[in-house]
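The numbering of the sequence shown is the working numbering, which starts it at 1 and goes up by one.
Check each hint, because a few of them may be wrong.
Distance condition first, Cα-Cα at most 25 Å in a straight line; then the derived SDA-like pairs of lysine to any residue [what the hints assert, rightly or not]:
{"id": "1", "residue 1": "K8", "residue 2": "S174"}
{"id": "2", "residue 1": "K145", "residue 2": "A197"}
{"id": "3", "residue 1": "K72", "residue 2": "K57"}
{"id": "4", "residue 1": "K57", "residue 2": "E215"}
{"id": "5", "residue 1": "K24", "residue 2": "A197"}
{"id": "6", "residue 1": "K8", "residue 2": "S46"}
{"id": "7", "residue 1": "K158", "residue 2": "S146"}
{"id": "8", "residue 1": "K45", "residue 2": "V20"}
{"id": "9", "residue 1": "K8", "residue 2": "I129"}
{"id": "10", "residue 1": "K60", "residue 2": "E148"}
{"id": "11", "residue 1": "K72", "residue 2": "A152"}
{"id": "12", "residue 1": "K72", "residue 2": "G116"}
{"id": "13", "residue 1": "K45", "residue 2": "S166"}
{"id": "14", "residue 1": "K158", "residue 2": "D184"}
{"id": "15", "residue 1": "K158", "residue 2": "P126"}
{"id": "16", "residue 1": "K145", "residue 2": "S166"}
{"id": "17", "residue 1": "K72", "residue 2": "E11"}
{"id": "18", "residue 1": "K72", "residue 2": "Y103"}
{"id": "19", "residue 1": "K8", "residue 2": "P175"}
{"id": "20", "residue 1": "K17", "residue 2": "R2"}
{"id": "21", "residue 1": "K17", "residue 2": "M1"}
{"id": "22", "residue 1": "K24", "residue 2": "T177"}
{"id": "23", "residue 1": "K17", "residue 2": "K60"}
{"id": "24", "residue 1": "K45", "residue 2": "K8"}
{"id": "25", "residue 1": "K24", "residue 2": "T117"}
{"id": "26", "residue 1": "K158", "residue 2": "D176"}
{"id": "27", "residue 1": "K72", "residue 2": "S46"}
What the hints contain is simulated information worked out from the structure, not anything from laboratory work.
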Amino acid sequence: MRLFDCRKVGERDSGIKAAVSAVKAGDLVVLPTDTVYGLGADAFKSWSVDSLLQTKKRGKDMAPPVLVGSRKALDGLTISVPNMVQDLVAAFWPGPLTVVMHYSPTLQWELGDTDGTVAVRMPLHPVAIELLQETGPMAVSSANKSGEPPAATAAEAKEQLGYAVSVYLEAGPSPDTAPSTIVDCTGETPQVLREGALTLETIQRVWPSALGPGED
């Protein structure tokens, strides 16, 4: 286990290299995002995802979202990207928008009980993007144990998660602890499942027919 201060140029480069190696080996890492710090694992290594859920003290019924390092990464996760997803992603990625969509049945991953869907986001944080561009899609959940407060720094995450994580990437306090807004794009009309940093009204500026939580 090691914590790297990515606010220092030398440590940032070393930290990202160490994190990439850890992810490829199937280990867990903690990374900064534009919301709270995330606990991440290779999305395509089932044992790594299982380790993430066990560390969080969660079951497979609470499958983690997937973070990607580019908009193009969506093309590799689904057979076709719906127009609503294309428009929302063009407007709000990288940023605090999570889209739920059907993933390609050819993908060899086991994220949990997802019923063929995946929640995807591209975070607006240079360290996270640099890491994700090297590792590919990562299963990432907030870096805390269930029931405990989300970590706003890697040091806070380390206090909760300890040796369960191989590499911690510190980048200072999270710029915004508001969670991402989750939009379900699996139907004909996008529906906001959770309002976070982006309001329903903000989503409707891009897709006017978007529904709010609980609306039919």
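Outcome of the hint check:
Annotation: proposed proximity of K8 to S174 holds, straight-line Cα distance about 17 Å (limit 25 Å). For the suggested pair K145 and A197, the alpha carbons sit about 22 Å apart, so the restraint of at most 25 Å is met. A distance of roughly 32 Å separates the Cα atoms of K72 and K57; the hinted pair therefore is violated under the 25 Å criterion. For the hint pairing K57 with E215, the CA-to-CA distance comes to about 31 Å; that exceeds 25 Å, so the pair is violated.
Between K24 and A197, the direct Cα distance comes to roughly 31 Å. Violation of the 25 Å bound is thereby established for this hinted pair. A hinted pair counts as satisfied when its Cα atoms are at most 25 Å apart, and K8 with S46 does not qualify at roughly 33 Å. In summary, the hint linking K158 to S146 is supported, as the alpha carbons are separated by about 15 Å, within the 25 Å threshold. Note on K45 and V20: the hinted pairing holds, with a Cα-Cα distance of about 14 Å set against a maximum of 25 Å.
Taking the CA atoms of K8 and I129, the gap is about 17 Å. The hint holds against a cut of 25 Å. In summary, the hint linking K60 to E148 is supported, as the alpha carbons are separated by about 19 Å, within the 25 Å threshold. Proximity of K72 to A152 is assessed by CA-CA distance (about 29 Å); at most 25 Å being required, the pair is judged violated. For a cut-off of 25 Å, the pair hint linking K72 to G116 stands: about 20 Å separates their Cα positions.
Straight-line distance between C-alpha atoms of K45 and S166 comes to about 16 Å, which keeps the hinted pair within the 25 Å bound. Distance hint between K158 and D184 is unfulfilled; the C-alpha atoms sit about 32 Å from each other, more than 25 Å. Distance hint between K158 and P126 is fulfilled; the C-alpha atoms sit about 21 Å from each other, no more than 25 Å. At most 25 Å may separate the alpha-carbon atoms for a hinted pair to count; K145 and S166 meet this at roughly 16 Å.
Proximity of K72 to E11 is assessed by CA-CA distance (about 29 Å); at most 25 Å being required, the pair is judged violated. For the suggested pair K72 and Y103, the alpha carbons sit about 14 Å apart, so the restraint of at most 25 Å is met. Between the alpha carbons of K8 and P175 the distance comes to roughly 18 Å, so the proposed pair stays at or under 25 Å and holds. As the CA atoms of K17 and R2 are separated by approximately 12 Å, the hinted pair is consistent with the 25 Å bound.
A hinted pair counts as satisfied when its Cα atoms are at most 25 Å apart, and K17 with M1 qualifies at roughly 14 Å. A C-alpha spacing of about 28 Å is found between K24 and T177, which places the hinted pair above 25 Å, so the restraint is violated. With a C-alpha separation of about 30 Å, the suggested pair K17 and K60 falls outside the 25 Å cut-off, and the hint is violated. Distance restraint check for K45 and K8: the Cα-Cα separation of roughly 31 Å exceeds the 25 Å cut-off, and the hinted pair is therefore not satisfied.
Of the supplied pair hints, the one linking K24 and T117 holds, its CA atoms being roughly 24 Å apart against a limit of 25 Å. A C-alpha spacing of about 19 Å is found between K158 and D176, which places the hinted pair at or below 25 Å, so the restraint holds. Proximity of K72 to S46 is assessed by CA-CA distance (about 23 Å); at most 25 Å being required, the pair is judged to hold.
Of the numbered hints stated above, those contradicted by the structure are hints 3, 4, 5, 6, 11, 14, 17, 22, 23 and 24, listed in ascending order.
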